[in-house]
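Undergrad: Here's the letter readout for the chains.
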Amino acid sequence: MPVSKTVGARIKRREDPRLIQGLAHYVDDIKLPNTLHVAILRSPYSHARIGAIDTDAAQNLPGVKAVVTGSDIKDTIGGIPCAATDPEGFPGIKVPHHPVLAIDKARFVGEPIAAVAATSAYIARDALDLIEVDYDPLDAVNSADAAFADGAPVLHEDWDDNMAFTWQIAGGDIDAAFAEADHIVSQRIEHQRLVPNPMETRGVLAEYMRGKDQLTIWSSTQIPHLLRTQLSIMLDMAENHVRVIAPEVGGGFGCKLNVYAEEALLGHMAKTLGQPVKWIEGRRENFLHTIHGRDQTGVVELAVKNDGAILGLKYAVTADVGAYYQLLTPAIPTLTGLMLCGSYTFQNVQMDLKAAFTNKMATDAYRGAGRPEATYLIERMIDIAAHDLGLDPLDVRRKNFIGTDAFPHETGTALAYDSGDYTAALDRAVEMADYDALRWQQAELRDQGRYLGIGFSTYVEICGMGPSAAMPAGGWESSTVRVDPTGKVTVLTGVSPHGQGQETTFAQLVADGLGVGLADIRIIHGDTDAVQYGIGTFGSRATAVGGTAMVHAMGKIKDKVIKIAAHLMESNPQDIVLEDDKYCVQGAPESGLTLAEIAQVAHVGVGLPPETEPGLAESHFFEPPNFTYPFGTHIAVVEVDADTGEVELQRYIAVDDCGNIINPLIVEGQVHGGIAQGVGQALYEEAIYDESGQMLTGSFMDYALPKAHNFPRFELGNTVTPSPVNPMGVKGVGEAGTIGSTPAIANAVIDALKPFGVRHIDLPLRPEKLWKLMQERNDDSL
Amino acid sequence: MIPFDYHAPKTLQKAMRLVREHGDDASVLAGGHSLIPLMKLRFAAPAVVIDLGGIGGLKKVTAGHETITIGALATHYAVESHRLLPGKCRLLPETASEIGDVQVRNRGTVGGSIAHADPAADWPAAMLALNAQFDIAGPSGERAVAASDFFVGLFTTALQAGEVLTRIRIATPPENSGGAYVKMRQSASGFALAGVAAQVALDSAGNCASVAVGVTGVASVAYRAHAVEDALRGRGLDAIAEAAAHAADGVEEFQEDHHASADYRAHLARVFAQRALTRAFERAT
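So the protein lines, in turn, are chains U and D. The letter at position 131 of the first sequence is residue 131 when you use this note's numbering, and the numbering goes up by one with no holes. The letter at position 86 of the second sequence is residue 1086 when you use this note's numbering, and the numbering goes up by one with no holes.
No lab work stands behind these hints: they were computed from the structure. Any given hint could turn out to be false.
[Said to hold, decoys possible] Only pairs whose alpha carbons sit at most 35 Å apart, straight line, appear in this in silico DSBU-like list of lysine-lysine:
1) Lys707(U) / Lys1040(D)
2) Lys31(U) / Lys65(U)
3) Lys769(U) / Lys1040(D)
[To be verified] Residues of chain U placed beyond 10 Å of chain D at every Cβ, according to the derived structure:
4) Asp175
5) Glu190
6) Gln275
7) Asp447
8) Pro485
9) Ala676
All residues carry an ideal CB built from backbone N, CA and C; glycine is no exception.
Make the full structure from the sequences, and use the hints.
TA: Okay, structure coming up:
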């Protein structure tokens, strides 16, 4: 897309002044008179039968207004929903009831057991210590292997075992591919469990107005409309009497793409207590009871020819999904299956998934959601194959790339990649990195006993989610564009941005499309009473799907504006053009009309063309015909300290192609954050539960997030291959950095340790792990 | 909230009176980076909190010809940014700069960290390597304790009930001496998985005239690596590697958790002893 007026320009985010000045209103910043504060008692046991719960002492603490337990609400609040349990997709899936407060059994540490509402947050917290719960601890299941072991304790006793569901995908002729191969390259690969850690934890404020029978829920969510629907079902209220507001939301990364116990519980408490109730999640609660990501372990087999040509891939994997399903839990590993072919031509593919119930928090969508697993394993396998065959990993990639002229490309998993030029992105990254010089430098340093590593990741991912037929709960998006009598433009969008910058990028599209200044445009989102139904922000979809809905609504506005302008200027609509923010007859800009002038006519209602409705507002609901498939090449350069195993990230080169770019500054910001989060998985992050199901990494003192000083200055580049899926040609960039970076780092570190015969190391690549490997191999050679 | 009484005395005398009065019920608050998290987690629930933050006299850092003094309430940043310390005793600002992050260094205090005696804190290593003396005020007057006698065990020091650490005194290192602190951060907390502080003085031949090595993060308490010192005294740069190999000798109880095993911590102690000593030698010449 050429830079017209604002589209394509590096415009600073309009959201930022309020965010950096402390003027934003998150859930906790919203104060209602008479609010009660809620604290949640959580299970200290990973697996235990719950006997009597004595709440008397807590009830009697001055300031406590209510104590609620599972048995109090089990008949009034429905179960926590999961939208991905269709038995056609998951034959034989076990769908356990997921209570808002545990009833007979606690199944993970942090599971809500009881709630206290009190006049202050301190009193509510104190009251938790006065609740006595009679627990009978049971043996814990702390991994998928443990879940499937003979005699394993069964979490959900309606069934005989912990097999949650199975799922399979197959394409091409996998047996023929493996029969034809010169080599079968095999590797067991773990994708460790991760904690999403948005800067703002979750939080809920609920208010019930009895006279109107209206419940308002402010929640730090990515999906206000879907949440409203689900809450109306859980609370048995008419959906149009429930209003959900997502105020400022401080990050989500998928973990707020969900429906949580507290959202329903606080709605219920507001209604029964007749006072507003507020709960703000603590960071420790967030570690324990906001969804986790990844946690797949599997064996990958790659069928290859001696020249590096890939014939097929098999993946037998178990997913540790935790104790219950959250909104999309079973769907996440299926995204891994869909993306197993990566950027490569091979069509023969098979994935067999077994999912286990364990005594842990549920897994669900975390930045990338299933695609990082696919990219990581295929990118790792390419490097392992190159290692085993004695080839350069770069050459193996080039050899297997889907050709630039082969789009749209149908994968072995029946996806249709929309557009791509993988070689162009690779070439650009290789040039930026000066690859040959890096290899030369690596050889030099090895002679000095220093271990430099160069790692590639050539990813493709799914964005713009997505066609409704492929989504568990609608994949379309909505927008209403309204022009006020004074010419100010208001956009109501069904997406729910929480850091992605659409208040800026959408305004850019409107400014150029309708000929108004950025300051005259307001983007409204996240309030179900203000905005028509929409789906929300996740899966790198907001611009590709929500933006397209807005562009179509804007097109309807523009048609009407032009019709009115033509009538006023006694001309034909087809002769009217928008020039310098004026609607004018082509070639006569001096006599043109501004949007404000036309809007005024539309609202006064006098002087309109015949058969024209007054007013100036239009809506559009957009159903995307396909996903979009951004891609790119990331290159990491690391040095591993041979004495300590520490990894120094020296350079990071990322060439991403997300289609047309509306605002390069925002795209770079998304890429920066994405890379950092992916590096976090590669080097630092890991949610560890011990044998008894206690989480060892339940705070920032023990769970390592990457920090600014861990990074060099990123070297970013891009190629532009527009998507044919939407009129803007955009693809999406919210998750690309995360998906691309984890394998680049892993490949670089493992490349650095090649002299030690290292072929694969599971993540995170902690110094001790690397040091031990180097020690062992040194000892071996003695 | 578990209620507690809060006192903010303006003088040390008033603080000591309060400490005496409340005995075991009281906790002393300095920068708030250890006590407050413990209270939030309900691991500590003192009935009385005595905030020393208002006592101006305990914040001063001075670097004289003979002695360097650090008031117990001086922030890490006050040491890190002191104008004269880089010239007089590089080890001190270098250690300070390795603590936490900017916010922590601006708020946390040297004395608070020392008195808390976290086995992975950075200051104990430096204090051991500098043979620091700790001035302690108590019910029966003042006394001074050497760093080597102060760190007794896991979160345990020589401080008795009713005693407060008031000041750290360090003999200003002579000419021809150098110091360095090298650590590996635990990737989440920033505390030391292993941290080694070394301070050496060289004779005219460039050999080691005196040396002290403090190690933190490795054992249940920070310790002096005497075996390293003994192996290095009287010898030159080329003896460092051999001497540093003794950095974990004699440790009875290693720290061990999912961040690092005992073996790895012992190994890091040896690696960082070598690096810290090498750097200290370079700075001494």
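Undergrad: If a hint holds in the structure, say so; if it does not, say that too.
TA: Now for the hints, and whether the structure bears them out:
Among the hinted pairs, Lys707(U) with Lys1040(D) is consistent with the structure: their alpha-carbon atoms are about 25 Å apart, no more than 35 Å. The suggested pairing of Lys31(U) with Lys65(U) holds, with an alpha-carbon distance near 19 Å, which does not exceed 35 Å. For the given pair, Lys769(U) sits about 34 Å from Lys1040(D) by alpha-carbon distance, which is consistent with the 35 Å threshold. Distance check for Asp175(U) against chain D: the nearest CB is about 42 Å away, which clears 10 Å, and the non-interface claim stands.
Distance check for Glu190(U) against chain D: the nearest CB is about 16 Å away, which clears 10 Å, and the non-interface claim stands. Every CB of chain D lies more than 10 Å from the CB of Gln275(U), the least distance being 21 Å, so the non-interface label holds. With 10 Å as the threshold on Cβ separation, the claim that Asp447(U) sits away from chain D holds: the shortest Cβ distance comes to roughly 21 Å. No beta-carbon of chain D comes within 10 Å of the beta-carbon of Pro485(U); the shortest separation is about 50 Å.
With a minimum CB-CB distance of about 14 Å to chain D, Ala676(U) clears the 10 Å threshold, and the non-interface call stands.
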